[in-house]
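There are 2 protein chains.
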Amino acid sequence: MAEATTRRRGRGGGGAARRAERTAVRIETAKYIERNIPNFEILNDEALEIIEANAETILEEVGVNFVDNPAALERWREAGADIDGERVRIPRGLARKLCSTAPSQFTQHARNPEKSVVIGGRNLVLAPVYGPPFVRDAQGGRRYATMDDFNKFVKLAYMSKWLHHSGGTVCEPTDVPVNKRHLDMLMAHMTLSDKPFMGSVTDPSRAQDSVEMCEILFGKEFVQENTVMTSLTNINSPMTFDDVMMGALEVYAKNNQACIVSPFIVGGAMAPVSVAGTLTQVLAEVLAGIAYSQLVRPCAPVIFGAFVTSIDMNSGAPTFGTPEAAHITYGAGQLARRLGVPYRSAGSFCGSKLPDAQAAYETANSLNMGLMAGVNFMLHSCGWLEGGLVADFEKFVMDADQLGVLHGLARGVAYDDNAQAMDAIREVGPGGHYLGCAHTQANFKDAFWKTELLDYKPFETWEEEGARDTRTLASARVETLLANYQQPGMDPDVAAALAAYVAEKKASMPDAFM
Amino acid sequence: MAEATTRRRGRGGGGAARRAERTAVRIETAKYIERNIPNFEILNDEALEIIEANAETILEEVGVNFVDNPAALERWREAGADIDGERVRIPRGLARKLCSTAPSQFTQHARNPEKSVVIGGRNLVLAPVYGPPFVRDAQGGRRYATMDDFNKFVKLAYMSKWLHHSGGTVCEPTDVPVNKRHLDMLMAHMTLSDKPFMGSVTDPSRAQDSVEMCEILFGKEFVQENTVMTSLTNINSPMTFDDVMMGALEVYAKNNQACIVSPFIVGGAMAPVSVAGTLTQVLAEVLAGIAYSQLVRPCAPVIFGAFVTSIDMNSGAPTFGTPEAAHITYGAGQLARRLGVPYRSAGSFCGSKLPDAQAAYETANSLNMGLMAGVNFMLHSCGWLEGGLVADFEKFVMDADQLGVLHGLARGVAYDDNAQAMDAIREVGPGGHYLGCAHTQANFKDAFWKTELLDYKPFETWEEEGARDTRTLASARVETLLANYQQPGMDPDVAAALAAYVAEKKASMPDAFM
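Same order as they appear, the protein sequences are chains A and B. Numbered according to our numbering, the first sequence terminates at residue 514, and the numbering increases by one at each position without gaps. Numbered according to our numbering, the second sequence terminates at residue 514, and the numbering increases by one at each position without gaps.
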């Protein structure tokens, strides 16, 4: 990758590229999390084996639907499945066998090689919220998202130390035609940030555009040999694979690009009301989806996804940060590890309309369970509000700060001589204090996680400064970050080539808002 | 216990007691949590053995101070410790051996036997915030706490489904003289609630008063044979046991009442800046404290306590919901289980001045880690604000609602035939939905945790109703709960005897505010 980047930069060769790199502020980005703590295993072996056996029964007896996709049916038929209309019934063990060619982990390359991420194993890669049609901030309230908002979120993600990934549709830029949106979104990720990103899945042709833009950014050969996008293909639970999402998956798999194969489940509506039943369905769906990706191209990188919320059975509203969602997230992690593929779940989930205490309780519950569940790729890890309808600017930086807590937790506990601190305990003795002792002086700088947002001031100071709540502090931080944003350097030839591609594509078709 | 309660009720024998019970609203209280999920074990055996060996080295080489307490020094000398002034050096293994008579779990009886709790094992008992000199609510702001506030918190705790325990000093009633406060506080717990509670520790004589009031409430013989109070005796870390706390512990141990032996540590100030070092000191301190309780009375019930926060090394402020505090809480749980005694830690900790998003992030982090760490008794589980300086009314009910999440998480995952839900998956099939299916109808009522506070309404409804944030919703809930409070029935003779005891005690000494 380092070589590839040098090549890219070398191509332009001019002083402009070097000037751009020199003037760029160096933004600190933490390395993706490499867990040094155990995963939380909520299911015992008996439960796991029952769920796995039941998932095979579902695939065999009930089957899954591949809708409006004759080529998919043909692939399945050749692989040995029983095809009945659009229904695909998969003999016991076949789906799991097909999944065995999927890599257990893969590298997603960023254009800045220092920001490439390894997805899988004990790692956790954090990406921002995905998909909200609305944005909110304290000043402007709730409103339809625009491309200007989108760009701001990409900049904030670029400047957030604990975010490893720029994400995808951080909000829906509703002021751009639907059929051209993906071009502007990709352009933003590619030029305003140097972190890895996601491709478009709203139409197979847009997935193809995403691949072609990556070929400009990374070089055509590099893209075919390496993974440079991780994209989100949802399953229409229960057990339905539509032609749009599968069409996008086909494009990505053929081009060696990663897809998250992700059931989208509101428990009690799209899956049974019980945790074990939901896990069974999730596993059956993911087995079918990942198996299909391997039929398209064996060894294509994939992720076992599980987007699961519980439901308020009175109102039908999806609910977040609940115990049942946590149970499913823990259990699905175990199933993913047994399948030997990376796992995507959790996020800064909440149902609240405001970035208030409800939002924070629900989010903290969800983030903590994501870390403990062994999630490898956490989409929505910051900025999610109102059940995902809203991307909130203040909550984005509030959540992003809490992602630092996950980094700290995952470090685990050192117990070398320095960490044992016996000399310090001997030095201080009963009744003393450690603030000035040698061990504290030597270690305090890295001993504790530091917030960049929260208030630790004495009450009187805090009151004098206006008694600001978290949202108010976050508003100020959003403003400061955006004011200090500096675009990462990029080879001007590449930038020009990307702009030309986008302009040409846009000119090739009329605007469409459907 | 059922027998004991019948006896108490029988004593008054009158219609008044029966009338009082008949008219009382039946308030639902959840049973204490019996975990059906694993504990999170962050330390490996090697780390645990090193920490345990180091703790013995500290006790042997450095020792601990028992201050202004010649009787304690004499007890230690007789047990085989080396006494040098007030310094007690404990030979390797002695403290752990003495701890072996401490029970691994015990029942704390409530006057309502249905609300007795078993502390230890896989259980988790939840008690409210303890100790704040200030209270806060949205209407009145931050102010010194009064007895009126105290009574309100006891009522709220009584009405909170997920609180198993009435706690102790839920706030400091600063309008009552210091030397008489404990009498009014105990009277409130005994008469306004029927949940278990804590005794006074601010002076040995006040501990004795607590025992005597319990003898009136439960019967003298019952108190000597059963545990009816769990009280909080802090260690002045590092390694100092003062005469007030130890005097209270002596009273309680002699009377078979439980004490939490609890280092009070702001990491980097009262303990080394490293997690392993802090755990070593915590273990040494708890070993010494519990061993001492067993010298006073073998088999006296005790709890391994750990109150640990991290510190902001810039300002010196204690910080909450941090990764380092979580590491210590997880590790201390493992040490307590290896010692074979119940474990107290965690709570609704936060540093925020308001019940805002910061408060909720920090609190949710702390509550989740408390559940996962295997905590058996969680003091401060709701209502804590501003580093424990403030008991907040809104946060009390906000946190108390989140305690329901812990109950749900701890239930674990069922995987019987009904939970497997294979019939439902077969019935619904690809593309269907589960809202109306037989399995959902049969199970939805208990399938999901239900909030009694948070907002799940559609955006438009929420906006029409005033766009209320969590704190505003909580204000309304506090008001509703207090308006609907009904005192639990009590034998009027017992109530009169308690009132007479308090009046006599108060008359026996002048007011003191020190």
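Calculated directly from the structure, the hints in this document are not laboratory data. We treat Cβ as the ideally placed atom computed from N, Cα and C, and that holds for glycine. You may find that some hints are simply not true.
[Stated by the list, open to error] Which chain B residues face chain A? A few, computed with CB under 10 angstroms, are given here: (1) L295; (2) V296; (3) V478.
[As the list claims (entries may be wrong)] Derived Cβ-Cβ restraints for the label pairs, each shown as a range: (4) B/E479 / A/G140: 50 to 60 angstroms; (5) A/H433 / B/E46: 41 to 51 angstroms; (6) A/Q224 / B/K450: 26 to 36 angstroms; (7) B/K31 / A/H433: 34 to 44 angstroms; (8) B/P492 / A/G429: 39 to 49 angstroms; (9) A/S508 / B/Q441: 17 to 27 angstroms; (10) A/L389 / B/D416: 53 to 63 angstroms; (11) A/A512 / B/D423: 26 to 36 angstroms; (12) B/G141 / A/L389: 31 to 41 angstroms; (13) A/S315 / B/T202: 45 to 55 angstroms; (14) B/E49 / A/S315: 49 to 59 angstroms; (15) B/G431 / A/R297: 49 to 59 angstroms.
Status of the given 26 to 36 angstroms range, CB of B/D423 versus CB of A/A512: Distance hint for A/A512, B/D423 is violated at roughly 44 angstroms.
A/L389 and B/G141 - C-beta distance against the hinted 31 to 41 angstroms: Once the Cβ atoms are compared, 34 angstroms apart, the range 31 to 41 angstroms for A/L389 and B/G141 holds.
Pairwise beta carbon distance, A/Q224 to B/K450, judged against the given window 26 to 36 angstroms: Check failed, 52 angstroms falls outside 26 to 36 angstroms.
Range agreement (Cβ of A/G140 with Cβ of B/E479, hint 50 to 60 angstroms): 33 angstroms, violated
Verdict for A/H433, B/E46 (Cβ pair) under range 41 to 51 angstroms: Since A/H433 and B/E46 have Cβ atoms about 30 angstroms apart, the given range 41 to 51 angstroms is violated.
Closest C-beta approach of B/V478 to chain A relative to 10 angstroms, hint status: 14 angstroms, violated
Beta-carbon spacing of B/G431 to A/R297 - inside the hinted bounds 49 to 59 angstroms or not: Taking Cβ atoms as reference, B/G431 and A/R297 lie about 27 angstroms apart, which means the hint is violated.
Interface hint status, B/L295 versus chain A (Cβ within 10 angstroms): 19 angstroms, violated
Hint check for A/S315 and B/E49 - Cβ pair distance inside 49 to 59 angstroms: 53 angstroms, holds
B/P492 paired with A/G429, Cβ distance criterion 39 to 49 angstroms: Violated, since B/P492 and A/G429 (Cβ atoms, about 55 angstroms apart) do not stay within the stated range.
Range agreement (Cβ of B/Q441 with Cβ of A/S508, hint 17 to 27 angstroms): 52 angstroms, violated
CB-CB spacing for A/H433 and B/K31 relative to the 34 to 44 angstroms hint: 42 angstroms, holds
Hint check: violations occur at hints 1, 2, 3, 4, 5, 6, 8, 9, 10, 11 and 15; the rest are consistent with the structure.
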